[in-house]
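Participant: Build the full structure now, drawing on both the sequences and the hints.
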Amino acid sequence: MIELAPNRKQGLPLANPLMAASGAIGFGGEAADLVALERFGALVTAPISLRPRHGSAPSRLAPTPGGMLLQTGEQNPGWRRVAEQHGGAWARSRTPIIAHIIGHTSLGELARRAEATRGIAGLEFDLEGPESLTLLAALRRATELPILVRLPYHGAALAVRAAEAGADALVCIAPPRGMTTLEGGQKVPSLQHRRADDSGVRHRRADDVSPSAGGLVEGSLFGPLVRALAMQTLRETLDALAAVVREAGEFVPEAEPPTASAQYAEQAANRAGRVIDGVPVIACGGVHSAEDVEALLAAGASAVMVDSLAWVAPRALNALLARDYGQSK
Amino acid sequence: MKHISCTVAATAAAFGARRIVTLSAPDLPRMRAGQLVLARVNDTLDPYLPAAYFPLPAGATPQVLRAAVHAAGVGVPAGATPQVLRAAVHAAGVGVPARTGELALLVEADDPLGRSDAVGETLELIAPVGNGFALDPATRRLLLVAAAARLAPLIALAHEASQKQIAVSLLVHSADVRHGAQDDADLAAWLSEMLPLDVEYQVAAELSAVLPGLVGWADQLCAAGDAELYALLKGSAGLEGRMRAVGGRPHGSRTTARDTGSVLPAGFAQVIVAPLMACGFGACQGCAVETARGMRLACVDGPVFDLGEL
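Protein chains in written order, with the working numbering: chain A, 58 to 386; chain B, -11 to 298.
Derived from the structure by calculation, the hints contain no laboratory data.
C-beta atoms are modelled at their ideal positions from N, C-alpha and C, and glycine is treated no differently.
Incorrect hints may have been included.
Claimed, not checked - Below, computed lysine to any residue pairings styled on SDA-like, alpha-carbon distance capped at 25 Å: (1) K(-10)/B with R149/A; (2) K(-10)/B with N375/A; (3) K(-10)/B with A373/A; (4) K(-10)/B with Q142/A; (5) K222/B with P125/B; (6) K222/B with L298/B; (7) K(-10)/B with R96/A.
To be verified - Partial chain B-side listing against chain A, Cβ under 10 Å, derived: (8) D31; (9) P263; (10) G268; (11) G274.
Facilitator: Structure (structure tokens):
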């Protein structure tokens, strides 16, 4: 059994280190005909906001060599509709369901609704930068549910602060941004970099691309190459967490007898060490084979999330789910 | 929707450089015209996105016709054309048997499935994806309009409609495959092989002259093309005339005017919109289509949409 929230009373135990990343299986039941959902250690839902979001205008998908760019604008019908449509499946699921929540001022309300929903075992939240730490801290105050915090590529510098702000586990990484050139005639004018805001307003960037002449478009990058980026951030994150724990253990007051400020610093270091010691780190991105899973577990991941493989080759995903990876850490 | 493993059983020339690929797919579920399959050749992830195909009716291929004639014990000359074979099958009253476990795909010239050495290749399919065309029970005259490169679902629909004794007229826009008059002739010859005998068809490089009359004739319209074709359909003078004639409520159905400002009656004109797809089951949300009722996903809500809502 893998514990993803060791510092939380109810915990978040997983029977299998393979998890479905946010959106890989939709909100829960969409892939049930094709993917052996019950074999996952946990399922993370597609992003859910408090109010409906219309998402990005079409077209949303662009192929790249060995992968694809996707820009959905986090389309979803809002918590109430999602819970109406999928709440029954969540309640029946023997696999823990983790709700990926999005928004700013609405995160607390989303957390309260998630707590009141049967089957929801935890939350996932994207930490987009230092400015998101206050949102995370507020979310932590609003809920006792375990919180998984997804870091951006090269986001290891945020790892310690995220753990201090209340993350029970860290996820490396959110899909990185990518850009591709369209061939003339491909009509993909609205892949975009801005997310829909809380009001669900869509942002078009049709002026970025001339559909007839081709142009540059950007979106979230998926494909096997992302694994290398995920592994790098995973290692950096593990190193950053380990450094804090090590420093806390090695703390020596500068003065004898200790001054008040030195005592405070020692207490803070010890507290940080306790909080951060044992925070699980989950690898996410580019996983397409059993070798990928094993490599990420060997690199220190407590669990591994699968994303676009569920879309483009669900049968290959079932083969991954049929394997025994043992119990990491 | 399910996984299906299948094998390339045969490839044959279609029209232009396009080819028909016949797949042996024993577990294939019944598919409706307008539904599609997502296919991945072998186990490679290159290309990363699966390829989408609208199947042809397996019973429409010349090979199937020959088998049906043979099974019926009908004597036909060796080397008989598909038209002769189809007429023989029709005259014998045996019909073309439904070929379960087979799938025929119309593929582009550069599609790896169309290679002569593709026979024996294995594919993984997800099928059926999406919802097909819905023929109104009251329909007696069906107009099909297709870009030549996107013909396959309408050939399948022509077979479905023919079996229901619906008069069918197929108009093919050849501009996207046309290099000269010979291309139109090739396409017409191929259509004569693929379509039921009672389906009328014409190939035209320019639709605006023939469309109004046909739209006015039909009491349902189904199309497979691009945004330009659909704009042409929406603006068709024949459609406006028809609307005036029936008071805007054919089949007694509601109109979509309230939602879209269009006068198209709901269900009258159904068109295929199939953007790139990654998953086919609604998880990735990559195949969004903007409609008057909000954003819809082609893989679960389409790929057949009401033209009045686009």
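Participant: Taking only the CA atoms, is the gap from K222/B to L298/B under or equal to 25 Å?
Facilitator: 10 Å, holds
Participant: Is the hinted pair K(-10)/B and A373/A satisfied, with a Cα-Cα distance of at most 25 Å?
Facilitator: 14 Å, holds
Participant: For the pair supplied as a hint, K222/B and P125/B, confirm whether the alpha-carbon distance does not exceed 25 Å.
Facilitator: The given pair, whose Cα atoms are some 23 Å apart, holds under the 25 Å limit.
Participant: Take a quick look at whether K(-10)/B and R96/A sit within 25 Å of each other, Cα to Cα.
Facilitator: Distance ~18 Å between K(-10)/B and R96/A Cα, so the pair holds.
Participant: Should the interface hint for D31/B be scored as holding, given a Cβ-Cβ cut-off of 10 Å against chain A?
Facilitator: This interface hint holds because 7 Å falls under the 10 Å limit.
Participant: Take the C-alpha atoms of K(-10)/B and R149/A, compute the straight-line distance between them, and say whether it is at most 25 Å.
Facilitator: 23 Å, holds
Participant: Can the restraint linking K(-10)/B and N375/A be considered satisfied, given a maximum Cα separation of 25 Å?
Facilitator: Cα-Cα ~13 Å, so holds.
Participant: When the nearest CB of chain A is found for P263/B, is that gap smaller than 10 Å?
Facilitator: Nearest chain A Cβ about 5 Å off; hint holds.
Participant: Is the hinted pair K(-10)/B and Q142/A satisfied, with a Cα-Cα distance of at most 25 Å?
Facilitator: Answer holds: K(-10)/B to Q142/A is near 22 Å, not above 25 Å.
Participant: Against chain A, is G274/B within 10 Å by beta-carbon distance?
Facilitator: Interface hint status for G274/B: holds (4 Å vs cutoff 10 Å).
Participant: Under 10 Å, Cβ to Cβ, is where G268/B needs to be relative to chain A, so tell me if that hint holds or is violated.
Facilitator: 8 Å, holds
Checked against the numbered hints given earlier, this structure breaks none of them.
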